[in-house]
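Colleague: Letter by letter, the chains look like this.
2 protein chains.
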Amino acid sequence: MSSSNDKVSHNVYFDGKVQSLGIETEKGPATVGVMKKGTYVFNTSSLETMVVISGTMRTKLSGGDWLTHKQGDSFEVAANSSFDVMCATDVAYICYYS
Amino acid sequence: MSSSNDKVSHNVYFDGKVQSLGIETEKGPATVGVMKKGTYVFNTSSLETMVVISGTMRTKLSGGDWLTHKQGDSFEVAANSSFDVMCATDVAYICYYS
Chain F
1 MSSSNDKVSH
11 NVYFDGKVQS
21 LGIETEKGPA
31 TVGVMKKGTY
41 VFNTSSLETM
51 VVISGTMRTK
61 LSGGDWLTHK
71 QGDSFEVAAN
81 SSFDVMCATD
91 VAYICYYS
Chain B
1 MSSSNDKVSH
11 NVYFDGKVQS
21 LGIETEKGPA
31 TVGVMKKGTY
41 VFNTSSLETM
51 VVISGTMRTK
61 LSGGDWLTHK
71 QGDSFEVAAN
81 SSFDVMCATD
91 VAYICYYS
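As given, the protein sequences belong to chains F and B, one line each in that order. Residue numbers for the first sequence follow our numbering, so the first one is 1 and each next one is one higher. Residue numbers for the second sequence follow our numbering, so the first one is 1 and each next one is one higher.
Please keep in mind that the hints were generated in silico from the structure rather than gathered at the bench. Some clues are possibly wrong.
Claimed, not checked - A short, non-exhaustive set of chain B residues, derived as facing chain F with CB atoms under 8 Å:
# : residue
1 : L21
2 : M86
3 : D90
To be verified - Computed from the model, here is a short list of chain F residues facing chain B with C-beta under 8 Å:
# : residue
4 : D6
5 : V32
6 : I53
Heads up, the beta-carbon is just placed ideally off N, CA and C, and yes, glycines get one too.
Isolated chain F (complex conformation) (with noise of 0.2 Å):
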């Protein structure tokens, strides 16, 4: 039996440039996406903690100054915070809610 349960869940943003799918995790809920270069403004609903696969973003926290992620760092974002996201070329992360 097949429902749409089986699929992966699919999220586009800025008319296509951010996209993400949707995985279950044994860290909880996560996103798998791609961001295309690029200068984007995320809200977070809950702590998110983003991984980067590929490539290298630069992020500016509320409040915070502009830090730098490359491939394998990590950083936590606030709950029901906005953050600031410059992509200089194309990056893949992979982000957890808790």
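Go by the hints and put chain B onto chain F.
Modeller: Relative to chain F, chain B alone:
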């Protein structure tokens, strides 16, 4: 100016149970994807290097035995071949094309 090249490419396989997103990396073109629990057969056209991002997958290359690949593991699949994949849980991966 916006063009379709700005969008992340999105690929859907096996009734949506496997989906991937295209990305240009330092190592060349790649896809980041999610496979839902299930058994799949994939065909390659180029040499593929797969890296497991989350979960555990079992694979059987043409003429080989079943192998287990955990988070962080990588393996190669020859061009113009097929390989079997078993996922006991959701699996995220990045696949580099040479």
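Colleague: Now look at each hint and say whether the structure bears it out.
Modeller: Okay, the hints, checked on the actual structure:
1. L21: 4 Å, holds
2. M86: At about 16 Å, which exceeds the 8 Å cut-off, the nearest Cβ of chain F leaves the hint on M86 of chain B violated.
3. D90: 5 Å, holds
4. D6: 6 Å, holds
5. V32: At about 5 Å, which falls below the 8 Å cut-off, the nearest Cβ of chain B leaves the hint on V32 of chain F intact, so it holds.
6. I53: 6 Å, holds
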